[in-house]
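Novice: Knowing the structure of chain A, use the given hints to seat chain B on it.
Number of protein chains: 2
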Amino acid sequence: METIRQSFQVNFNYDVHFLTGLFNPENRLLASVIAGDDQSVMKKAIVIIDDGVLAEHKDLLNKLEVYALQYKDVFDILGEPIILKGGENVKNDHTLYQKLHERINAQRICRHSYIIAIGGGALLDVVGLAAATAHRGIRLIRIPSTVLSQNDSGVGVKNGFNVFGKKNFVGTFAPPYAVLNDFDFLTTLDDRDWRSGIAEAVKVALIKDRGFFEYINNNTSNLKSRNMEVMKQVIYRCATLHLNHIRTSGDPFEHGSCRPLDFGHWAAHKIEQLSDYSIRHGEAVAIGIAIDTTYSYLAGLLKDDEWELVLETLGCLGFNLTMPQLSQWRDDNEYVKTLLLGMEEFREHQGGKLTLMMLKEVGQGININEVDESLFHKAILLINEFELKKVKEI
Amino acid sequence: METIRQSFQVNFNYDVHFLTGLFNPENRLLASVIAGDDQSVMKKAIVIIDDGVLAEHKDLLNKLEVYALQYKDVFDILGEPIILKGGENVKNDHTLYQKLHERINAQRICRHSYIIAIGGGALLDVVGLAAATAHRGIRLIRIPSTVLSQNDSGVGVKNGFNVFGKKNFVGTFAPPYAVLNDFDFLTTLDDRDWRSGIAEAVKVALIKDRGFFEYINNNTSNLKSRNMEVMKQVIYRCATLHLNHIRTSGDPFEHGSCRPLDFGHWAAHKIEQLSDYSIRHGEAVAIGIAIDTTYSYLAGLLKDDEWELVLETLGCLGFNLTMPQLSQWRDDNEYVKTLLLGMEEFREHQGGKLTLMMLKEVGQGININEVDESLFHKAILLINEFELKKVKEI
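Protein sequence lines, in the order shown, are assigned to chains A and B.
Here the first sequence stands for residues -7 to 386, where the numbers follow this note's numbering.
Here the second sequence stands for residues -7 to 386, where the numbers follow this note's numbering.
Just so you know, these hints were derived from the structure itself, not from any lab.
Source: prediction; values computed, not measured.
Mixed in with the good hints, there may be bad ones.
Because identical chains cannot be distinguished in the list, a pair is counted as satisfied if it fits within a single copy or across any two copies.
To be verified - Calculated lysine-lysine pairs in the DSSO-like style (CA-CA distance at most 27 Å, straight line): (1) 36 x 150; (2) 36 x 158; (3) 216 x 50; (4) 345 x 370; (5) 77 x 384; (6) 345 x 64.
In isolation and in its complexed conformation, chain A is listed as follows:
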C-alpha cells in the first residue's frame, strides 16, 4: 500500500502593541483585542498577575476592575485574579502549573476564552505552558512588565519551566494571541531589571543590526539614567528584530538545529543556575555575550577593536561581565565543568549537532559547529583581566 505523505501548514498571527495607559478606561485596545474575531459572543477571561508587579502598582487590581466594568458587554473576568510570585523561581515550582489548570477547569473556560498574564518573562513562561496545554491551547494575552519580557521572551513563541535542574526542559512552541507592551510598567522597575533586559537588545543587535548596536552604544548614559524615550526605541527595535527573525527564519518552531537568537545563551543558562538564580537572566546573558564575543575574538573570527567595543558597551550599560565563581576561574575549578556542561545541555536541547552563534563583526553573526574548549578557558581569563583593569581605572 502506498505511503501517505502528509504535509500541511499552520498559520499563526498575532499583534504586538506598544503603548502607555493600557488600563485607562478610555483605552479600548485591550477590550478590542479580547472582542477579537467574533464580537457577538461575550468573552471570558482569567487574569494572572506577578506579585512583583502588584507590589509596585498597588492600584492595578482596582484599575482592572474599573476597566472590566467599563467593557462589561465585551468580556467578563472570572473569579479573582491569581497572584503568582514572579522571577525565575516561579519556573521551578511545578505545582503552579497544576494550580493554573485547576482554575481553568473550575471556571470552565474554553479555547476561545482568554488567559491574561501580567508580569515578567518567567511568569509568562509558566502561564504560557499552562495555557498552551489546557484544552490543547487557550488564547493567551501577554502583558509583559519588564524590559526583558517586552523586547524578547514576551514577544516570542516559546514557553517552559525548569525540571531536573535544566532550564526550560518542559515547554512548547505556542504563539500568544496578542502581546500588549505597556511602557508604564517599566517606570517602577529597579535598576537591575531596567538594565537586565537591555542585554537581549545588545545580543540581537550584535548578530543582526550594526546600526542598532551603534544606537545603543551612543545611548549608554541615557539608558543608565533611565531615559524612557530611548528605552522605548530599544524595546521596539529589539522586539522587531526578534519578530522578524521568527517570521523569516523558515524555522519558527526550531525543527532544525540552528538557533541564532541564542547567542550567548548556552553560558547564560548555566550562569543563572550557578548563581542559584540570584543573577537575573539578562545579567547572565550579558556575561554570556562577553564570553562568546571574547571566544570569537580569540578564535580569530572577530577583530580586536570590535571585541573591545562590545565589552566596553556592556560595561557602560552597567553590566558586570564576570561573577565570583568565574573571577576565580582555574582549569580544575568545578565551575569550569558546570559551565561547559551548559554547552552539552544546549546541544541536547537543540538537537544532535552543536550549532553555536559567534560574531564575525558587530552586526553579523556566524555559526560554528566545533568549539575549542581551551579558548573558552582563555576567554574567561581575558574577561576577568578586562574587568580588573576597569576596576583599577576607576
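Specialist: Just chain B now, kept in the frame of chain A:
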C-alpha cells in the same frame, strides 16, 4: 508606536506507512525513517511499549533487539524499553508523564532523537504529550497497534491525557515524525478491539465519503469474520480521509470552532466515562454515531431510510447501540444530565460556540449551532426501541 503584526507559517510533514513485518531484520523502513534527514549522525531512541501488545507478541522485545543490532550503525536504543499499561486508564495516571520525562532526561536524548511508541491510541496519546513537551518537542515515531489507532488517532496531530474527569483536558497539537502502521499487530487483537476501531471508519465515511460507507456496508460479514484484506482497505481509506481532512481543512490545529471529525464524539466521550471506561472508545463512538444520526433524522435533516441504513450497518458490524444506563433512559434519569453535560464540555473544549456535525445524508455532514435537547431524549428512546426490535427478531 506602530503595532507589529506578526504572521508566519509553520510547515509540518510526516509519512504514514502501511505494511507488515516492520521488525523483520531485512525490512529497512524503520531504520531509514530514523536515519532521517541527516545520515551522518548516529541516532538515539527510547522505546515505549504497551504491555497489552507485549502480552500478545512475546517475541517483540527480542525482535527489537535483533533489529537494533542489524542497524546498529544507524541508531541506538537507549536503556530497556519502557513497558506501560495500555488502555484508556493510562491517560488517567499523571505520574506516567513525569516518568517519561525522567527517562528522557536520564538518557540525555535531544530534540533530534526519537521516541518510538508501540501501542494503542491511549498509550500513543500519553507518550505523545511527554514527547511534545520535553525540550519543546522530541521526534515521535508512532507504531499504532490497534485498528483505532492505525486508522484514526495514531495518524492525527493530537495528544492528551485526562484530568478533572475530562477527557483530553491536557494536551497539545503535535504532529508525529512518522507513523508506521504494521497490520501484523491486528492479528492478535480480541474481537472487541478489532471491531471497535471500525467505528471511526464508519464515522468518517458517513460525513465525507458515501462510497466508503457502501464498501463497509457491503463487507460487514467480512469484517466480522476478520478478513484482513478488507480491514487493510478500511484502515487505509479511513486514515486517508482523516489525513486529507487535516491537510485541507485550513485549520489543522483547530483555532476555529468547527470540528467535523468529532461527529458522534460529544456523547462518546461521556459514554466512556459513564461506563467507567469499560466501554472502549470505538464502541462509545458507535453509540455516539447512532445518537447523532438519530438526532439528524428526528430533526428532519436525514431521511428515514438512510437513518435505518446507518443503524443497521453498525448493528451488522456487531456494535451495541445502547448501554445499560441508556437503555433505562428516562427524562429524570441522572445519566441524562451526565450525558448532556458531555455537550457542554465539548463546547468548552472546542471554544465558545457549540458547533456539532450532523448528517444531511450518508456521506455528507452538516454543521449545526443550536440543538433541541428534547430531540436527544427522543433519539435515545428510539435507539432503545431499535435495539429491542433487533433482539426480538433474533
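Novice: List in ascending order the numbers of the hints, as given earlier, that are violated by the structure.
Specialist: Hint 5 alone not satisfied by this model.
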